[in-house]
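Asker: Residue numbers (this note's numbering), protein chains in the order written: chain L, 1 to 322; chain R, 1001 to 1322; chain W, 2001 to 2322; chain F, 3001 to 3322; chain S, 4001 to 4322; chain U, 5001 to 5322.
These are calculated hints, taken from the structure and not from any lab test.
Be aware that a few hints might be false.
Beta-carbon label-pair distances, calculated as ranges [said to hold, decoys possible]: (1) R:Asp1255 - S:Glu4295: 55 to 65 Å; (2) R:Glu1234 - W:Asn2264: 48 to 58 Å; (3) W:Arg2239 - R:Ser1298: 23 to 33 Å; (4) F:Glu3234 - L:Glu262: 24 to 34 Å; (5) R:Ala1283 - W:Glu2262: 52 to 62 Å.
Backbone N, C-alpha and C define an ideal beta-carbon position, used for all residues, glycine too.
Protein chains: 6
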Amino acid sequence: MFYHVKELQYNARVSRPDPRFAGLLLEQFGGANGELKAAMQYFVQAFSARQPYPEKYDLLMDIATEEFSHLEIVGATITMLLEGINGELKDAANRSDLMKLLQGSASKEEYIHEAMIQPQFLALSGGGPTLTNSQGVPWQGSYVNANGDLTVDLRSNIAAESRAKIVYEYLLQFTDDPHVQDSLRFLMTREIAHFQMFSAALDTIQPNFPPGILQGDPRFTHTFFNMSNGPGAEGPWNRGQGPWGDGESWVYVADPVRHVVETNGLLKQEIVGNTRTDDQIEAMNRKLSKQRSTEISSVVPSGENQWSAYPQKDLKSPSAIR
Amino acid sequence: MFYHVKELQYNARVSRPDPRFAGLLLEQFGGANGELKAAMQYFVQAFSARQPYPEKYDLLMDIATEEFSHLEIVGATITMLLEGINGELKDAANRSDLMKLLQGSASKEEYIHEAMIQPQFLALSGGGPTLTNSQGVPWQGSYVNANGDLTVDLRSNIAAESRAKIVYEYLLQFTDDPHVQDSLRFLMTREIAHFQMFSAALDTIQPNFPPGILQGDPRFTHTFFNMSNGPGAEGPWNRGQGPWGDGESWVYVADPVRHVVETNGLLKQEIVGNTRTDDQIEAMNRKLSKQRSTEISSVVPSGENQWSAYPQKDLKSPSAIR
Amino acid sequence: MFYHVKELQYNARVSRPDPRFAGLLLEQFGGANGELKAAMQYFVQAFSARQPYPEKYDLLMDIATEEFSHLEIVGATITMLLEGINGELKDAANRSDLMKLLQGSASKEEYIHEAMIQPQFLALSGGGPTLTNSQGVPWQGSYVNANGDLTVDLRSNIAAESRAKIVYEYLLQFTDDPHVQDSLRFLMTREIAHFQMFSAALDTIQPNFPPGILQGDPRFTHTFFNMSNGPGAEGPWNRGQGPWGDGESWVYVADPVRHVVETNGLLKQEIVGNTRTDDQIEAMNRKLSKQRSTEISSVVPSGENQWSAYPQKDLKSPSAIR
Amino acid sequence: MFYHVKELQYNARVSRPDPRFAGLLLEQFGGANGELKAAMQYFVQAFSARQPYPEKYDLLMDIATEEFSHLEIVGATITMLLEGINGELKDAANRSDLMKLLQGSASKEEYIHEAMIQPQFLALSGGGPTLTNSQGVPWQGSYVNANGDLTVDLRSNIAAESRAKIVYEYLLQFTDDPHVQDSLRFLMTREIAHFQMFSAALDTIQPNFPPGILQGDPRFTHTFFNMSNGPGAEGPWNRGQGPWGDGESWVYVADPVRHVVETNGLLKQEIVGNTRTDDQIEAMNRKLSKQRSTEISSVVPSGENQWSAYPQKDLKSPSAIR
Amino acid sequence: MFYHVKELQYNARVSRPDPRFAGLLLEQFGGANGELKAAMQYFVQAFSARQPYPEKYDLLMDIATEEFSHLEIVGATITMLLEGINGELKDAANRSDLMKLLQGSASKEEYIHEAMIQPQFLALSGGGPTLTNSQGVPWQGSYVNANGDLTVDLRSNIAAESRAKIVYEYLLQFTDDPHVQDSLRFLMTREIAHFQMFSAALDTIQPNFPPGILQGDPRFTHTFFNMSNGPGAEGPWNRGQGPWGDGESWVYVADPVRHVVETNGLLKQEIVGNTRTDDQIEAMNRKLSKQRSTEISSVVPSGENQWSAYPQKDLKSPSAIR
Amino acid sequence: MFYHVKELQYNARVSRPDPRFAGLLLEQFGGANGELKAAMQYFVQAFSARQPYPEKYDLLMDIATEEFSHLEIVGATITMLLEGINGELKDAANRSDLMKLLQGSASKEEYIHEAMIQPQFLALSGGGPTLTNSQGVPWQGSYVNANGDLTVDLRSNIAAESRAKIVYEYLLQFTDDPHVQDSLRFLMTREIAHFQMFSAALDTIQPNFPPGILQGDPRFTHTFFNMSNGPGAEGPWNRGQGPWGDGESWVYVADPVRHVVETNGLLKQEIVGNTRTDDQIEAMNRKLSKQRSTEISSVVPSGENQWSAYPQKDLKSPSAIR
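Turn these sequences into a full structure, and let the hints guide you.
Answerer: Here it is as structure tokens:
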């Protein structure tokens, strides 16, 4: 259940209207890397985690709730940056004044002229925020990544926080309103904090690489196919010991076209760069399958199920408490 | 600022898994008339209302917050209806069991077989909800209607609640799980309650018809163009006194093709079915323009602006309190 | 069957090209609240109504046809506002002149410079309209609401007309071309007229509240959950007698978090604010179910079916005429 | 202006309900190659053609109008194939019967069971058509191709008719209802007829190749780059005389990687396979630029403009008539 | 398998940054008629052709690969046109300089100011290309037409090349950078070359009209319905001998409304304008069905199947070679 | 420039057709985490990296090219799993056989019956792959994350590979065809290998945390807001030393509502959990701004620019070589 607190989490203020920056800021309201995306991603991920992993559920829901609170800060800032437009549009019988502004002859409120770059503020929303990115593309559920596996989902979140952080960094360069800069800096910083939380949470799940359950085929985990001609870059991503695991090192296939033909489409590929055998891998697959499926099936009831207790005195769900 | 309460607003329970109904229920999670649409619509509308109309803001945010709480109930129910899938998928080394289920030979867990109709639960979300409708179409920001005018927005909300209500009514016919029916009936009923709240709120804004500021051109407000051949239906929508206003009655244009040619594309149309003059309408336009634009401009500052006070002891925003 | 009349329903004219306003006007051509949305919404709704409710079908199709005619007016206006661009683009061998315009040095045709704000006119449509909104977002079928129930669909239409009206009102403030203003005022006024038609039609269906068939659960129809802290607004939407029905009054839950815990997630909620019993509601559900399903099943054949007669001398479909 | 004729263009009938085929048939209602796409494509293209090419405008609008009439036939057929669902859903108090059907135990109306494959008919549209394709993806304005040049647009239409034809051909294989087959065969045949009309119309515009105005660079118009290794197919598309123009023949570049390096990224490419000089091409560009831009600018007024006359006695627009 | 050659197919260069033209050029990067659309369309079509029609597969894959190479040229050009932005954004601590540019006071790098029209370069991509069209709409899989029939697919490709050609023609008019013009002219010319290749390839498939297998119903293949009032255009598309086939001529239905009523919705329509009988058509349908289905089924194995040989010494797939 | 090698990178084979699994496998062809998404993401990211970071460019393009090669493997597998459908559809004159299959009475080819679950294979693509996910949703450019900063982009790629890996893991559980399992295991393993490559590459960029340039505000980098009531989970994500940096430890705000009010919306928040001062942070911002902007501006020319040399003997671009 959600509850609304009338105070914003951060004291958002603006020094003056600025419809052009309001348009750019939509990127964090209804954009692919914005606050709604973050809030919904963690919220949707949390459902699968609720019963088997209640601590992670609590983390995901706390951050999701903070992101909704950030969405509110962004929306409030956009609205304040647009103030004036809504009121002007209500003066519908006196079109001529607005027209003068649009033709650039006016002075103090020429910001309406700038709002033309974001026509939705004039023709659609009447001077309020819209659930779109900075170019008017509506927010989409496909921005949300939730795959039902915490070793994957937490990595999706780390990347999402990285993108949100850089977008705030870019946006900070396009306003010189100190109040707005303060709010953006707060929001940017929280992406860093969340990044750290998700990283720490991922670290508590062991093993977490590769993500999911199944190990890779040892024939192909450490091969680099040089898929281009001419000079090739060398680095720790294709030469020397592989970044994870003892005894693992990169195998560099300089001419993959020839290699593929010679190995009958890799069917005859041998294990290289890797001391793990098929048997070891199969054993690992079975062990992790058992462990993770038991973690879930041991607490998720197969019959009647209830989501929350009243009051919820424990992190666990009622069926697990019983 | 939002706050998460660990107890669901309604005690959602399921009697047993049912992935097919989980798929249908997505319509209320990520569908065009679902809970997220409702929550986001009222949330987005609320920003424009915050400063000039704080009572309406409070109503919109309270209902938005309740809709987020309903979204949580729907997601919790879908997750419980899918329980089992997530755990089975983690048993990744033992594919053969799952395959048997898919080929229909199994018994007690044949529900996984049914889940094939919603492939995203198997191939994408790993047994959790997805932010899509019942056919996998991602939720979109374009579902949200917010036009910066309460006489319009509240009507959008009345219609949105109507659609949400009928979808719950349809869904109720496709489950016989009494716990799920209870939850759906609660959710359906709240749409009715919200419908009533929005209707009552609209009624406090006078005049509210036509929506917005400008009156219609009296030449065309009461004309019905019979745009089809043969027998035509008669009803209060095209004959007799018009539904609003004294002295207004419908004018039925039986042959609009001829009428359009004869009036030079309606340029020579006279005022009919209506006693209002152009002057009266212009006066009304000016009066309402002044009233509404003043309501807004009198409380929305043109310079520095702050969204909330700490604590927020008043419905008004700080700049209006000052 | 549709037929095209070469005369526009309204004599659309422009005084001069204006590509910037052409871009804004796309909101009514391919936007979420535009003419195509309206036309397609009523057209799609009409199919379900055809056999059981032929009078409503006739109304829906007449208005849908008028909206297609309005779409044509909007498209014609956009095209005339863009005149010049298409011809200039054909002069492809003389790029230099066009470039000069773009660099702002030219005079009389600087409107091409303005067209850069809407790049699709230059790079995609070659100076014609596009099926997008004012920001280039393509029109989508998801704009259309059609739920197979007239008590819902007519309310969706009332809201759709409200939104279309306010968008025309906003647009009217961004052109001072008197011919274009005339066309927009006509189109805006027709939205008002349609609003009235749909309202009158809804009124002929009794009962129409709640929309659909099922009554709400009396425990929850009149409860207001105060989902936020601090000062709360009071109004007819949460205090006093409820807006519909004798003996019904709002129940204000000031602290929903505590209330939910105390009622075990509302399971122990009593009927409040309402004198209707569960039995009365069940009886109403059964009565309305029987009435509405009979209205439909009595005229919709279960076997062979034919849509129209030749000629169609009656509003009813042939199978109902037989 | 459009007018609705109550009789369908083709006498659509069904022998019995079939919700599964109704779902497939949505491909022609709201699919990428369906009737709405065709109707809207020709309708949108027609605007640019109205004043300079009134004969082509008339052709485009006549076919667009016929496609709207076909959309109506498809919608009527889908609705009749779904008959029963809408009525059953209204019997909302008697859920148990519908549930039995869904569990497969019922007999004569098991078609509702089949409708589960298309959940939108149950959970969203209440048994009516939806503006989506057969998988629930909403129709989109981006399906429409209109580029403001008839030598391009007519080719887009020829291809669109080809796709619509093959989709009807596929659909015909999934119903054995003779009435539905008749309707589909009619609709499929009309795509062939329209294909022929557009081809004949394209043929009246000379020259029409290359489409648009500008000639190709003679260095690159007749070169085939063999972009893959191993055996290469030979055919009139890469060997022998080119398909258009005397003295033009294909130049086959067997090893494009080497060729690109040797020609400094094709900058040193000579004219091959072609006797046309740069001067000839420049002259052609200028000639066609002048011709086509004059065709347009000679009839499109730069100032005041009017779309239609009352009555429209001539194919030309009023400003051209004057 | 794909291989990347470090040299661009064409030596793309720019004379100076130009973010505004970079924005327009996105139309060919991520637009509906751009290089990615072309590449993906031919690539997707190629799969169905691989086994039954290996020559056509080779053609489709060669052109698809060239289009990917063109996509790279377009992306490289956009990046070079944006150079400077990415570096400036990294100077994140010195916001003030960038702000000055945005306020128009700066001189040499005012192009950043222009980039505001394409906000994604600033707020999202950090100065690189985005997979959108010139208005920020993301590229979509629905742009791709692939229907599993070469007589259809090749026509889709001819139309696609026409549209790509005209878009380059339009774009050429908005840059005066000679290097960029060179690259665009090369790319435009290749669309012409591909157009010719697809036309020649279509010509080798006989018969190819109508596309697909089934002939049209002779009652409706040569009928023109005059769907509008007033003056009607005459041309080879509705009068005289039809464009294909001996003994076929257009039948002009001047008043389709009356005609439809008189023929009972065309059910009583006789064969007109056509000497082909139903029997001839049925025979043709059977003959072509047998021919085309045999072409495919004779080489596509019903059991085990392998895509490529190692090495692939033949155009045919291994199962066909065997 | 790309080049196509006729041999697949992996020798893809199928044992028998299986349209149902073909439908699921679309998730990796046109789904949000599929091969096209990966290929396009790295391809688009590579453009910004080309000139300043040629080694990273080489890595990104090599992996992008391998992903295109994987897309080909997936498409080939889907096509082979659908074999039979395309040929059957060409036998268009003998509809009856196909109908029998659909009604479930047939035996050996009942897989066509199963294909009904994916109607696009029957009604749209004619038995070939479609550029959609497993539910028919078209692929979208918005799946691609490219933000012009390698510390962000490489993290997006690590997450993308994680998601692709888990989707293959899920898919592996729904086929028992050993050939298909082999191909999927190869593809899944390569996601692991790429994950490692991107991780190693990220590690070579120092510092890379926080991503981008700007450091966080020390007041907010180490604060955990407990946004929910009742029991709260404790873990390294909100207690003890923070995961990165000496002297940094989490500050747990147990009651954020009160805290926000008391700090005047966090404006009075002190630096906590952190020994870094504002000055240190500002210095770090300036240092990193200078370093990174110089890395880029030193090699990206402000004037004429050329993408590749002929031949390209060096990783650097020609302007940097000069």
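Asker: Evaluate each hint against the coordinates.
Answerer: Hints versus structure:
1. The hinted range of 55 to 65 Å is satisfied by Asp1255 of chain R and Glu4295 of chain S, whose Cβ atoms lie roughly 57 Å apart.
2. Look at Glu1234 of chain R against Asn2264 of chain W: about 55 Å separates their beta carbons, and that is inside 48 to 58 Å.
3. About 26 Å separates the C-beta atoms of Arg2239 of chain W and Ser1298 of chain R, a value consistent with the hinted range of 23 to 33 Å.
4. Evaluation of the 24 to 34 Å hint for Glu3234 of chain F and Glu262 of chain L yields a pass: the beta carbon distance comes to about 28 Å.
5. For Ala1283 of chain R and Glu2262 of chain W, the Cβ-Cβ distance of about 56 Å falls inside the hinted range of 52 to 62 Å, so the restraint holds.
Comparing the model with each earlier hint shows no violations; every hint is respected.
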